[in-house]
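Visitor: Protein chains in written order, with the working numbering: chain A, 1 to 322; chain B, 1001 to 1322.
There may be inaccurate statements among the hints.
As the list claims (entries may be wrong) - Reference excerpt, derived from the structure (chain B facing chain A, CB under 10 Å, subset only):
no.: 1; residue: Leu1110
no.: 2; residue: Met1140
no.: 3; residue: Ile1142
no.: 4; residue: Pro1251
Hints are computed from structural coordinates only; laboratory data are not their basis.
Ideal Cβ placement from N, Cα and C applies to all residues, glycine included.
2 protein chains.
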Amino acid sequence: MELKDILKPIESELNQVETRLHDAARAEFGPLALVIDSIIDSGGKRIRPAVTLLAGRLFPQPDENLLKMAVSVELLHMATLIHDDLLDNATKRRGSATINSKWDSKSTVLAGDYVWAKAAKIAAEVGNPQVLGIFADTIMVIVEGEIKQDYTDAKSRPQRDEYYTRIYAKTASLFEGAMRSAGVLGNASEKHMHALGLYGRNLGTAFQIIDDVLDFVGTQADVGKPVGSDLRQGVVTLPAIMYYENHPNHPVMNSIAVKNGHNSHDLDAMIQEISTSPELAAARAEAQDIVRVAQRALETLPKGKYRQALHDLADYVIARKK
Amino acid sequence: MELKDILKPIESELNQVETRLHDAARAEFGPLALVIDSIIDSGGKRIRPAVTLLAGRLFPQPDENLLKMAVSVELLHMATLIHDDLLDNATKRRGSATINSKWDSKSTVLAGDYVWAKAAKIAAEVGNPQVLGIFADTIMVIVEGEIKQDYTDAKSRPQRDEYYTRIYAKTASLFEGAMRSAGVLGNASEKHMHALGLYGRNLGTAFQIIDDVLDFVGTQADVGKPVGSDLRQGVVTLPAIMYYENHPNHPVMNSIAVKNGHNSHDLDAMIQEISTSPELAAARAEAQDIVRVAQRALETLPKGKYRQALHDLADYVIARKK
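I would like the entire structure built from these sequences, with the hints used as guidance.
Guide: Below is the structure:
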């Protein structure tokens, strides 16, 4: 199923989110508005607003606060991207030039701060302290995760559990927070809140694993950045970790893992090797299992087209080619 | 009057704020905790928590939320300092090495993000949507102000109104927000809220003007950074603007103002000239007038030792030597 078809039940809400995202940028200071507009226009799948809206639609509630939450969640995501790209010295995201490749680092830090503040402001407008608590907790988890990654002992062997901790902070926590926020706004029961969080956390985890898998299989044109870009930056993701588990004495993997230096020819060969390995398929299968956990969590939630869309979205997360 | 004596009525609350600031740092990831501890330990006068506590004490209310607000306000202030020092490439603050002079810029950005998130989290714990709205608005004003400063036409002549807009964003907005937040928590009337905001805004403005005056008169040992450091970085503050108004054709001032380049000997002489000029005294007198507006705003607020302390604090802001 195409993403567009899956999200049909919330098509008009997603259009409103799009308009509001642009409004949030347009209303403000000129040069900054251009930059923020460029990051909004660079696309992205709006998966985070989509799950927020779908989760909210499971419970009868007025539109306004739900739309605000969906916008706030996407802005928060964008803010983390802006600082991330700067910190990683990334030059491309989804095929477009990153802000830091066009602006100096000062303006980029401020642009990230600004989008973040805007996300906080819109979340505050929702006027629900519990939602704001979730929002603030999510920011803490994301930032702490980045800092821990920065401080991970460079010489330690990459571990699966450490990977899962990292991608929870980086990706899954925001999906979890988005789902739970929508539930709070809809006065969801304790049981439903638990299911929403479980779905969000597992969907986000699977989403990130597939991102990491696609980093090995996509072409530059598909994913908008060089193939194997994570490993090139020394970031060892699930496919590489699984490969390394099965080839614990592989000399190139050893040198990459402990950052002992390696030449670019070895690195190219390593990326090529992983991209055709059974471990890549195994990583994808692991994401598939995690998605099933997310889908099972949906079973306790109110039945209907919105729940079905969340179910189909989970399938899409696995099946997507980019 | 010494600051310590002025703040006697809230001595125990300020001690609790100090403990909580350290707790906020200590509870978390090791290396980051060290960095945050260092910025907490580097001192600062805790003027922002002080005005928050004093404003809150004007209205009967439980301690807990007020203490949280005071901590959150100081953390927000610290977060802006961390990013500011990085963006300005400052190496010293209050005589101590800045975070960015010890850490790489990546860690510094993340440290700022972290402290910011922590401030938001503690503000969210207060559980009052109106307070969170004020918090988010204040962040927006601060960040927008920094961005605008970055984009100000470098060739335009420095103007007094532009200076006041800048220091409102940079300093006064947080004082205003802190006072108003304390009022919201104490269920202050509309009239009282207005007075609190007016006091905060004007106190913060005067505070920044005096900071800018002291930058010309202090010795490096006093202010913890080189004398005339603002002008050295091309930041033209009130004393220099007033001097320039009265000497519109001064060649060195002209070249500094429009960033046309100047040699360091000229710059030293210029700083020396301003530091002994009548304009420096005039800038101080202007701050004094602004403080009187703040003090008059207090007259409508509940009488007593807390109001008196706010009054005396305003005098201190003018009289302080560093």
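Visitor: State for each hint whether it applies.
Guide: A quick look at each hint next to the structure:
no.	hint	result
1	Leu1110	holds, 5 Å
2	Met1140	holds, 5 Å
3	Ile1142	holds, 8 Å
4	Pro1251	violated, 30 Å
Violation of the numbered hints given earlier is confined to hint 4; every other hint is satisfied by the structure.
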